[in-house]
Structures are given as structure tokens and as C-alpha cells.
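Protein chains: 2
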Amino acid sequence: MSDVKAPAAPDLSGWSCPLPLRDHPRVVMGHGGGGAMSAELVEHIFVPAFGGQTLTDLGDSATLTLGGARLAFSTDSFVVRPLFFPGGSIGDLAVHGTVNDLAMSGARAAYLSCGFILEEGVETELVGRVARALGAAARAAGVEVVTGDTKVVEAGHGDGIYINTSGIGLIPPGVDIRPQRAQPGDVVIVSGEIGLHGVAIMSVREGLEFGVEVQSDCAALGGLVEAMLAVTPDLHVLRDPTRGGLAASLNEIATAAGVGVRIQERAVPVPPQVANACAILGLDPMYVANEGKLVAFVPREHADAVLAAMRAHPLGASASVIGECLTEHPGMVVARTAFGGTRVVDLPLGEQLPRIC
Amino acid sequence: MSDVKAPAAPDLSGWSCPLPLRDHPRVVMGHGGGGAMSAELVEHIFVPAFGGQTLTDLGDSATLTLGGARLAFSTDSFVVRPLFFPGGSIGDLAVHGTVNDLAMSGARAAYLSCGFILEEGVETELVGRVARALGAAARAAGVEVVTGDTKVVEAGHGDGIYINTSGIGLIPPGVDIRPQRAQPGDVVIVSGEIGLHGVAIMSVREGLEFGVEVQSDCAALGGLVEAMLAVTPDLHVLRDPTRGGLAASLNEIATAAGVGVRIQERAVPVPPQVANACAILGLDPMYVANEGKLVAFVPREHADAVLAAMRAHPLGASASVIGECLTEHPGMVVARTAFGGTRVVDLPLGEQLPRIC
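Protein chains in written order, with full-length UniProt numbering: chain C, 1 to 357; chain D, 1 to 357.
There are no misleading hints in this set.
Which stretches of chain D does chain C cover? Using the computed rule of at least three CB atoms under 8 Å from a CB of chain C, they are:
1) 72–86
2) 104–116
3) 142–156
Don't read these hints as lab results, they were simulated from the structure.
No experiment lies behind these values; they were computed from the predicted model shown.
No residue lacks a Cβ here, since even glycine has one placed at the ideal position from N, Cα and C.
Could you put the whole structure together from the sequences, leaning on the hints where they help?
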């Protein structure tokens, strides 16, 4: 995370931020990390500026009713570096990121928009390769790209290709999945091994090697969520732990619902190559980004059946119960360590690695 | 429009572009100008990559049916420079651009998404000012910002603030407005004076003065379109002539519908300050961007009533008939000049001025 020196006396006249943004009169990389600093931007700038209850709910996607239809609507911009990495590309991410945000409301993505910001000088062949990756990922996920936009900025004002996708999908009747619905007694399930996307990006960007090549887990989760909903429409919370990792997702849920979350550290599936990379780099896998995993808060009576349905799906084959939801310590996530102790799993401040997605 | 030298031998292996993109192995500023070069990117890269009929229709927004509701869905990225200009800001544009794209399907915008790409080092106070402008414009247009995303890129890989908005809106029953519906006999109406946005941006960016300060016409057109639809749901085509100006919009409609368009040059309302600026700079007002105007193709029997309804609305007070739709010269736009001659009004190649929105 880098920092930028502020000018001697920033002009804050007319500035009505309810609380000062942590000594940062200028945006730093951590503001894009999906952690506490990102949350401060949203809480102190965007929510007061835009207003509205739907935005304040801060789910992965907004839930709306329009013309009698219950819709999920979500947006994500993608600035990942490099554009192609083991297991995927910015084109795949641009589809999966938005499709997964919709899936976290229980919605099956139907339509995507796609906005490109191209840097002058980027090869048209590269634009074509990214577009084809995006199109192929969309077809595989069963979602149609129906509207788009292209802007070009001068060389030195972009980084090759940035993409925004927004998506809309239909929420099935009886489904009401959102962070606020986490309840004491809920079982916390993760759909598979964590940390793969972040470590894959880090390894190619920094030229690190950890024995075997680490592949991003980048995938569209709509099918897995459908399999879970076939067991019961009464899933309480779904979240895909991208920027900020599992730690950020669990903290957001604990805060939104006013519940405590306790996980068993040993139960969290961390693959050896992620564990090795994190040990070398001094990172905690709980904070590393994923792009094809979800965490679910499921009523205890449905937990076994939902877990079985997840394990029967290719993207949930190594799903496991990692913890539970409590009345104690509302808003806080704790982990039982392998040695029998308990530690607080805090919301990360910024991001261990910028431009992960 | 700048150009970039290609490397000696670009590697085009695996490149399946149906036609070569005009000797441009690299993206140049003109690819973002909304003219022929933008269309080539869409036609030769994005449509083949993404597939799908809805995208191929290439309206300002896509028309969909989801859960029984007829929806319009649109996206736009905004990279305008400077961020604040006479008559508006990137925040206003981000709302009006998307609201207007939806209005051009006859839809009243209901919900917006908003994705920020911030450059490391930009003042948080500036982010706040832009966000408040965006929020105020959204409230004024009666649309709610319901979902968002923020990414941060390193200094030197952005330009302060880029914004993407996507929007969804409901299309009223019986309304079917799209470029393909232009018909010989249709009357072509423009809602007011053209060229103001482009000249306003140009004057502040280049430090030019043209007597009086030129204000952008940046405005949300949803209310004006509602007033027109109250006369008849049978409007054939609506288009907001942004990048590429009135010339680009008329050409796109002529091509999509396979009709000819003839306009009376003298009937096109060009305000004196735009005429002066264009005369000095050697530009044609027909190619200069607007952000609060629309062009309508209306069946002849409704033209008088629609024109009257437009003139009764503040944003259509100087609406005028500028031409008609013909069977002759399909796909071509011609202008009767003040001297009785006829000239072809071609699709612009790139943009006279980059990063106008």
C-alpha cells in the first residue's frame, strides 16, 4: 500500500464529510482494497452523496422491484494487472465478478453491460483477445452481453484496458438472501479452498514461484447457488470473498447483522501452495482474494443437506463447515486457533495487494 | 486525433477479426470518438466476441424482458476532462448520459449503478464534490443510485476520476422506439440548439473565449420524452446526439433503418456562440457533441402535436423540424444548404475533440 503526500493546506471549504477520512486528504491504493478504508469512502462520501436505503444496505448487489419483477442489479470495475494470469483474464473476471455478485442475492444473472476504457496505444489484437475471453465466459455462465460502451484515454492515463460490467438477474420467489439475515445458530460454510486468486496474481506479477504454478479459482458461481437453492430457498447470507478475502466478508456480515462469528481456523481449507506463499510473504490466507468461492450462512437444520448439494457440484467439491454464528461479541469475528486459543479476525485496513481484480 | 506508431511486425496470430481495422494495429484516440472508427471496434471486435442479437441492434440502450417486465438497460463510462466545466461536471454527465440513453428507448430511468476508478493521489474532497454532483443530478432526474464499486489505480494510470454508470428503466406498454423503425415520411425534429456541450468543454480546456461563456446543455431528458409519449406512444426513433454530434446520430439511424435522411441546413438551430466557435476552429456544428438534446423521427400525422408538446417543456422550448426521412439514397444523410445546394453529411471518422464525456 503506497501513500501520497498531501499538499500543505488542502482546501476543504464546502466539504461536508461527516467524519474525517483517517488523515487521508488524498486517495491512496488502500481505498480500493475492499477493507476498512474502502468502507470509509463508501460510508463518508458515497452514501451521504447518493442517499437511498438500497445503497446503504451494501450487499454485493442491490435488490429491486421493477414492473413487478424482483431483480438483482450489480456493478464492478476491473483494473487487474496483468490482463492475463494463470487460470483467467480480465475478461473472465469481468463476467464472473458481476455474475457472482448477482448470485450472492440468489439471482441467476441474465444480462450484462460492458464498458471498456482503453488506453491509446493498446494493441487492437489484445482488445480482441480480452473481448473474446469475456464473450466465452459470458456464454459459459449463461449470461448475455446486451449493451456496451467504449472510451479511449490518452497514453499515460490508463493501463491498457479497464472494464466495467453491470448485470441484472431475476431473484426466484421466496428467496431473501442478504447480510442482515445472518442469525445466531447459522452454520458458516465455505465452498472450497481459499486464497488461490490472490496468490496466482501475486506469483505472476512479482515473478515469485511456489513450487507448482498456482491457478486462479476464477469461476461463475450461479450454478452452485442454484444447486444450494434447490435444497431450500431459505439460505440466509451468501458472499463471495474477493478483495479483503474471507476476513472482510465475515466482518461485513457480522457488522450488518449485529451477530458474532466464530470460525475454526483448522477447518478453513487452505491449499498447501497458498499456505506456503503466505508463509514466505508474511500474509494471512484469510485476507487473500478469491474469485470463485462463496461463504454461506445457512440455518442449522438445512446445513447438512446444503453441504451435500454443494459437494455434489464441481465448484463446491471441497466445501466445508468452518464455523458458526453467535449472539456473543456482535459485530466481531473470532478464530479458534489450532492451538486452542482465540484470536480476533479484524476487517483488513486496505489490501495486501492492489489491483487484484 | 493522435496516432501511435505500430511496432515493426505486430503478432496477429490467433486474431480472427473479420476485416482489418483500418491500418490501426493499436488503439488511437479516434476509436473513442463515437464515429466510424468506434463503430469498427464494435463491429469487428465486440459484436463477434460477445454475439447476441440485442447487442447487434446497437441502440443507445438494450431492450429486454425479465420476469415479465419490459426493461431498458444501458451503460456509459465517463472520462471527460476537465471534471468540472461551465454548466456541469463529470457527476452530472454520469447521470444524464445513462438516463438519456434509457430515455431514447422511451424508458423512464429507475435505478443506476455507479463505478468509480480513482487515481491514487486524487483529493478525497474532489471525489466528494463529484459524488455530491452525481447524487444531486440523480435526485433531480428521479433515479436512485442503488449499487456501486470503487477501484483505485496507481498515479499515472488514470486521470483523477473515471466513472461508469449503468441504468435500468421500465418501458411503457405499446412503446417501441429504436433506430430500425425510421420510415420514409417521418419528420425529423431536434429538441433545441446544438453544439453547446462540445464548445463549452473546448473553451475551458483550450482556454478559448468566444465572447460570452458557453454553458454545456447537459440535462436529463426523461421528462421531455414523457411529454412526447403523452401525445403518442408511436414515436419511431429517439437518439441523443452526444459524441459525433447530430451527424453521427442521423447516419446511424439512416443505416439501421435503410432509409435516406434529408435535412434543411438552415433549419438546424445553431446558437451564435457555437457558430462563432466553429467558424474560428474550422469545425462543423453538426459534428459537435450535445448532452441535453435529442433528435426524434416522428410519424408525419403526429409531428405537429409532438412538436407542440416539446415546445411546452423547458428542455424543448426551441425544438424545431429540421428534415424528413426518405426512400431515396438509403443509408445516406444529405443537407440542403442555405444556397440551395445539397451536400452529404457523412459519419465522422473519429472525434474532433477527445474525452468530451
